[in-house]
Every structure is written in structure tokens, then in C-alpha cells.
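Novice: Spelled out, the chains give:
2 protein chains.
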Amino acid sequence: MEYPSKLIEEAVTQIARLPGIGKKTALRLVLHLIREKEENTFRLTEALNRLRSGIRYCRQCHNISDAEVCTICSSGRRDRSIICVVENTNDVMAIENTAQYTGLYHVLGGVISPMNGIGPTDLKIEALISRVNEAQSEVKELILALSPTMEGDTTSFYIHRRLKELPIKVSVIARGIPVGGDLEYADEITLGRSILGRTLFN
Amino acid sequence: MEYPSKLIEEAVTQIARLPGIGKKTALRLVLHLIREKEENTFRLTEALNRLRSGIRYCRQCHNISDAEVCTICSSGRRDRSIICVVENTNDVMAIENTAQYTGLYHVLGGVISPMNGIGPTDLKIEALISRVNEAQSEVKELILALSPTMEGDTTSFYIHRRLKELPIKVSVIARGIPVGGDLEYADEITLGRSILGRTLFN
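Chains as they are written, first to last, in the working numbering: chain E, 1072 to 1273; chain W, 1072 to 1273.
The reader is advised that the hints may include incorrect statements.
When chains are identical, the list treats them as one kind, so a pair holds in a single copy or across two.
[To be verified] The calculated BS3-like cross-link candidates involving lysine-lysine, where the alpha carbons are at most 27 Å apart (straight line), are: (1) Lys1108 x Lys1195; (2) Lys1077 x Lys1195; (3) Lys1095 x Lys1077; (4) Lys1211 x Lys1095; (5) Lys1240 x Lys1095; (6) Lys1094 x Lys1211; (7) Lys1077 x Lys1211; (8) Lys1095 x Lys1235; (9) Lys1077 x Lys1235; (10) Lys1108 x Lys1077; (11) Lys1108 x Lys1235; (12) Lys1077 x Lys1094; (13) Lys1235 x Lys1094; (14) Lys1211 x Lys1108; (15) Lys1235 x Lys1195; (16) Lys1240 x Lys1108; (17) Lys1211 x Lys1195; (18) Lys1240 x Lys1094; (19) Lys1240 x Lys1077.
Keep in mind that the hints were calculated from the coordinates and are not lab data. Quantities reported herein were computed from a predicted structural model and do not represent experimental measurements.
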């Protein structure tokens, strides 16, 4: 498609790089922005710039956070004896939405995936080990809530092996979630049940 | 939904203001941007800022353009005796894609819509009248290619009435397009035929 302006072409190209947005949708968004007031576009771009340069991570659970320690880690009402290990912030939000879990979290920032060149050292696994080691008397259980894919299973297995000597329970969430699916798309009931029905890591 | 960071919440709010994007999609985009390299976000926001502050319109047809006169208006290969009147840039691009039209354009920037407080003076109708008046010997025909809605028909009727005294043909594109539909969603064959099969504005 030929665009009437290089500025439009460039904006379309940049927007179409986002996941799930094609060139046609990108063009619609661009023309919408042009029709709207200038300040709306600037508000959008400012929010994105601030987001990208100002984003911080909780020192303890590595979830996205505004403070040095996130609201969940610093809350007095959470059960500090359980840590739920997840891949991403999306997963923390999805589990929080089920209102079935009151423990803490640990965000790995991904899963082990040799295909994509992601090894254990690229994730917050070492941080998890030392966190559990330091709070050994406090932490009773670790729930592995990773996506039931090859990579997720590999990561669960790796973490379980690394923690074998420690006297804590390691469980995985129940496989109520369709195998091969993505945690963030599961409905709240299925996801909530999978937390309640977790089984011991053999 | 509760967000782990105010920065995320603000970015989601701003993205979800765009048409066709909900909060869930906005969150996915935001988390995607966070995972990616910082420079990708900055490239996106820079393209949008440049777009919004640098956009210019063709002096003659009022389409979006990089130069003072757009590539279509300044081309030596276009038929200067026909002007196609459209609502938006989208429509110009859609008609150009059919490769059925070799004349010039005139972009109104909308249609008359009393419901939304848009009257003839809010559009480039006066500019169209003087353009046709100035080039009376050159312009033989005006094609009204507005969406076949109440507002589009009103606008076509208004323009036709304003040009009644001038010795030029005024035609409308054939109603091959479903009534109530939007011009930019029509397929290329239907849209191309509607240009070829245009009828005289009775």
C-alpha cells in the first residue's frame, strides 16, 4: 500500500511491530490520532516513554513495582510461608484476579528455552534459590505456576532439582489448564481451581 | 483490574483510548513494550510525535502530504478534468488501490453532520467551490464519492446544489457499496466498479 506521507508510513511501520496489530489496523490508529487533538497523541507517547524509562522491579519478587519493594511483598496481610513462582507480571495479575491465593510471588521473567537461547542464568532462578535459603524457617512451600509447556515443565523440573535438599514442599498447580495453552488466557475459575488443586512435585 | 505499577496503569489507560483496543489488549501491548528493548518504545513514540506535529496537508486537495502540493496533485500523469470528492485520506488510499481512477481528489475532512455539530463551514467545501471556479475551463466532472449514509447523502446534495450553476457534470459513485457501510471497508472490486459505474447526480 502506498501512503500519502512518509510520516504516516513510519508511524504505521512502528505500530505494526506490536503483537497482534497489522498494517491495516495500524493505519486506522494513525489516522485516528491525526484526526484527534495533538495533545492526545503527546499524552500517549509521554505515558509510554515514562513507562519504558521509569519501570522498576521489586527487589524481593522481581515483579514490576513503583517502590523498591512491591505492595504484595510489603503487605502485612499476605501469607509469607508460600511463594508462587510465575513467568511474568501477567501471571501475577491473573492469579491475583482469582482471589484464591494469599501468599507471595516470585517472577522469573521467562522460562528456560534453549531454542531461544534462554538459560537458567537469564532468569531470576538464582535469586529465588537465595531468597528461599535466606528465609528457610519462614518459607514452607513453593508453588510452581508455570505454563504447562515443554519450556515451563523444564523450568519447573530444574527449580525442583535445585531445591531438593531444602526442607520445603514444592508443588505444581493442577493441570486444569489445557496443555500448550498460555497461563494468561485461562479463565479465572480454571486458574483458581488449579491453585487450590495443586499436587506435590513427584 | 489492579496494576502493579502506576506507570503501567497510565500507559494502559492511554492505549485503551484508541479505537478498537480494550484494556486487556492494551495491557498485552504494554507488557510487550517492557519486555522489549527500550529503544523500540522510543522509536515508536518518536514516530508518533513526529507524525502528529509534522503532518501537513496539500494546499490544493487537502489530502495529507509531505510537500505543499501532494504527489497526486503535482503529477503530470493524472487526468486534471475530473475531481473525486472524498471524506478522508483513507478513502483516497482505498480508491488509489483500485487502480481504476486517474483523476484528482478533494478531501473534505468529514461530512455534514448536525448531530455531531459539523456544518459545511467545518469542511473543505468552500475550498472545493473556489477550486472548481478557478479551474472552470479545466474541470469537466466532479465525482462525489462519499459514504452512502444519511450524512454522506446530505453532503453530496449540498455540494451539488452549490455547483448547480456551473457547467460541470456532477456524478455520484454507483451504489455497489452496501448502504450504511463505510467506504474504507469496501473490497477493491466493489469500490472499483462503483467508480466505473457512477451515475449522473439527478
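Novice: Compare the structure with the hints numbered earlier in the document and write down the numbers of the violated ones, lowest to highest.
Specialist: Numbers 4, 5, 6, 7, 8, 9, 11, 13, 14, 16, 18 and 19 - these are the hints that the structure violates, sorted from lowest upward.
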